[in-house]
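Those sequence lines, one after another, are chains A and B. Each residue of the first sequence is one higher than the one before, counting from 1 in my numbering. Each residue of the second sequence is one higher than the one before, counting from 328 in my numbering.
Rather than coming from a laboratory, the hints here were simulated on the basis of the structure. Don't be surprised by glycine CBs; every beta carbon is placed ideally from N, CA and C. Hints are supplied without guarantee of correctness; some may be wrong.
[Said to hold, decoys possible] Under the rule of at most 27 angstroms between Cα atoms (straight-line distance), these lysine-lysine pairs were calculated in the DSS-like manner: (1) K38/A to K466/B; (2) K375/B to K51/A; (3) K38/A to K479/B; (4) K39/A to K379/B; (5) K67/A to K466/B; (6) K390/B to K71/A; (7) K345/B to K375/B; (8) K38/A to K51/A; (9) K360/B to K44/A; (10) K346/B to K51/A; (11) K390/B to K67/A; (12) K375/B to K67/A; (13) K51/A to K487/B; (14) K71/A to K346/B; (15) K494/B to K51/A; (16) K44/A to K346/B; (17) K345/B to K71/A; (18) K327/A to K379/B; (19) K448/B to K39/A; (20) K69/A to K345/B; (21) K217/A to K240/A; (22) K217/A to K375/B; (23) K51/A to K379/B; (24) K497/B to K44/A; (25) K51/A to K479/B; (26) K487/B to K39/A; (27) K69/A to K452/B; (28) K38/A to K395/B; (29) K379/B to K67/A; (30) K162/A to K240/A; (31) K39/A to K452/B; (32) K38/A to K487/B; (33) K452/B to K51/A; (34) K71/A to K360/B; (35) K408/B to K71/A; (36) K390/B to K452/B; (37) K69/A to K346/B.
[To be verified] Now the in silico label distances, taken between C-beta atoms and shown as ranges: (38) E367/B to S33/A: 45 to 53 angstroms; (39) S33/A to L374/B: 51 to 59 angstroms; (40) H399/B to P58/A: 36 to 44 angstroms.
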Amino acid sequence: MKQHMSEDILIKYILGEASDSEGREVETWRAASNTNAKKFEDVKIILETSKRLAQASPLSETEAWDKFKVKRAASGREPGQIRSINANTNWLRIAAAAVLLVGAGWLSYYLYQRSGMSSQLVSINTTNTVRVDTLPDGSVVHLNKNSEISYVGNFRSQRVIKLKGEAFFEVKHNQYVPFTVHVNDVTVRDIGTAFNIKSKQQNTEVIVESGVVQVSKNNNSVRLNASEMVNIKHGEQQFKVEKSTDMLYGYYRDNVFKADNVPLWRLIEVLNEAYNANIKIENNALHNTPVTVPIRLQDPLINVLQVIKSTTPEMHIEQSGQDIIIK
Amino acid sequence: MTVDWLDDNEAIFEQLFKKHFRELHAYGFSLLKDWDVAEEIVQSLFLKLWEKNEWGHIQTSIKSYLYKSVYHDSLNYIRRKKVQLKYQTTTAYSMKDHTDDAAGKLKMGELEQHLQHALAKLPEKCRAIFHLSRFEELKYQEIATQLDISIKTVETHMGKALRILRKEMKEFLPFIALILFNMFKS
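Excised from the complex, chain B in its bound form:
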């Protein structure tokens, strides 16, 4: 009887894991710009959840709990990393950046590429909110609940993100507008 029940439990947990893993992985990547670290963070979060065996209690908003945890764990990681970076050269990092870019170039248009680059320059909190709004297409209210902040804060961060992106994309946008303009004409 007990063994069956454990199996059941495992099945439910597996379901939970599989349902959310990929979206959380992508969310972590948005924040960290590193698939491996993001994976590590999401895996550890699930392990912690399994070990504490309290995941049944978080029933109503397990999704928002998971997102919140990935957000905080990622920010903590970045904070630690920043401290470490003070004592390290950043060679390894910038090298990685370049290879990522090269691979990305094959798949993306120029506009997307530049925007991608600009997105990486957003402060973490802005990026998290931008991710939830644009990639997960959550409503402001949902984002506010998920991150435990007010709707007003969400608005402010979206505005800030846009200001930064526009500034970063400055030389590109007129050009794009022209293309669009021509497209409509023809």
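Isolated chain A, as found in the complex:
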């Protein structure tokens, strides 16, 4: 017979969280002596009385929300404060000296880098977030999630990039130094352009937003103009130019899904990708329904689906496990 009972188990029992065997243990212990019964009662009183002590906020939701709006407006408008530098703040001088020193160090390093043969391999990769980066030549790359680019050098004699995953490039035009992206076994060569490249399971999709791009694989090559795309499957030699009919591919660059009269299946395809979701359309009649909705990348998927649903009254959305089914 146990004389001592741990408070932890006692509490668990009173809160209804103890296992059956712990419960029996407590009951035998409790019945064993008056002291035990008293202790049990004490703990129970404390736990039950404390529940009544729960205090409710003295503010109403509406009151609090109104206060919030005032606070938000104030924080939005508040200009940065300007403070005069006090003449006797010595630490500021020290800080200034430190800044100068670091600055000088960085400058000399920078100059050294520029003059030297910079042949360092640079690689930029993303996991859970989209990343925007400026390349050494001033071109801008938007790297989608789980993607990687790498390049060598400072882009002054050549601009060659290796890509895994998906990226959108806004290339700074320089006719003497072509900008080339290698992805899978495909080479995309730009002639001053903005374009999107996506590689998935060794398939490569190139969409041109503006300018001209040359896409080549082995001995084949095509030129893509603005609003044109190719989709090159792994192992296929032929590829044909298609019209790029929507702007959805740019969602991770603009943080917006530009769904303007897009067939439902296409929107769902992009949403599945962006949210890593598994949405299926089981009603064939809805497959090609044109949808026009504004969606921001940071909106929760559940809200997005509600908005889509509101555009098409006959649509039903159900969740089953990990899957979301549109009927």
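With chain A's structure known, arrange chain B on it following the hints.
The following block gives chain B in isolation, referenced to the frame of chain A:
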């Protein structure tokens, strides 16, 4: 189109705010014993959330994210306060305590009053867990998830809280037990 969407966004945020504000306010109060500071902390948390504009991403466990943040912000506040208090007299504080007590006396029974007082003596972490268990009536598992700790830790803290409360209430409990005893008899 964009404007509509922003309005929508605002509406969703407002919903989120209104749904959680009061419970978070009460939680903050449990930790801080000060409605004004608790309000400030919860308001700032929502403002931060709005400004960062990332609240859509925290979709699955927004509630647990909010609770966790109030908990950490409150503890940080207490920590800062403690440092400040070293250099200050505590007059203002103890005065406030007394007035609160006086107002409270009108509404609460003696037992509750003493327990209230005893609760204020719990260490912050204990108090947070006690609040979630007793006031929000969360299961141990839910508390553990919310605060990112193990169930075992929750158990230990509840035990510790009870030990402190029993010690604080020592002179009161026999008396109460007697009343209950008499109540059952009659």
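Verification of the hints:
no.	hint	verdict
1	K38/A to K466/B	holds, 26 angstroms
2	K375/B to K51/A	violated, 32 angstroms
3	K38/A to K479/B	holds, 26 angstroms
4	K39/A to K379/B	violated, 50 angstroms
5	K67/A to K466/B	violated, 33 angstroms
6	K390/B to K71/A	holds, 22 angstroms
7	K345/B to K375/B	holds, 16 angstroms
8	K38/A to K51/A	holds, 20 angstroms
9	K360/B to K44/A	holds, 24 angstroms
10	K346/B to K51/A	holds, 21 angstroms
11	K390/B to K67/A	holds, 21 angstroms
12	K375/B to K67/A	holds, 15 angstroms
13	K51/A to K487/B	holds, 17 angstroms
14	K71/A to K346/B	holds, 19 angstroms
15	K494/B to K51/A	holds, 19 angstroms
16	K44/A to K346/B	violated, 31 angstroms
17	K345/B to K71/A	holds, 16 angstroms
18	K327/A to K379/B	violated, 35 angstroms
19	K448/B to K39/A	holds, 21 angstroms
20	K69/A to K345/B	holds, 12 angstroms
21	K217/A to K240/A	holds, 12 angstroms
22	K217/A to K375/B	violated, 49 angstroms
23	K51/A to K379/B	violated, 36 angstroms
24	K497/B to K44/A	holds, 14 angstroms
25	K51/A to K479/B	holds, 22 angstroms
26	K487/B to K39/A	holds, 15 angstroms
27	K69/A to K452/B	violated, 32 angstroms
28	K38/A to K395/B	violated, 36 angstroms
29	K379/B to K67/A	holds, 19 angstroms
30	K162/A to K240/A	holds, 23 angstroms
31	K39/A to K452/B	holds, 24 angstroms
32	K38/A to K487/B	holds, 19 angstroms
33	K452/B to K51/A	holds, 18 angstroms
34	K71/A to K360/B	holds, 23 angstroms
35	K408/B to K71/A	holds, 23 angstroms
36	K390/B to K452/B	holds, 19 angstroms
37	K69/A to K346/B	holds, 16 angstroms
38	E367/B to S33/A: 45 to 53 angstroms	holds, 50 angstroms
39	S33/A to L374/B: 51 to 59 angstroms	holds, 56 angstroms
40	H399/B to P58/A: 36 to 44 angstroms	violated, 24 angstroms
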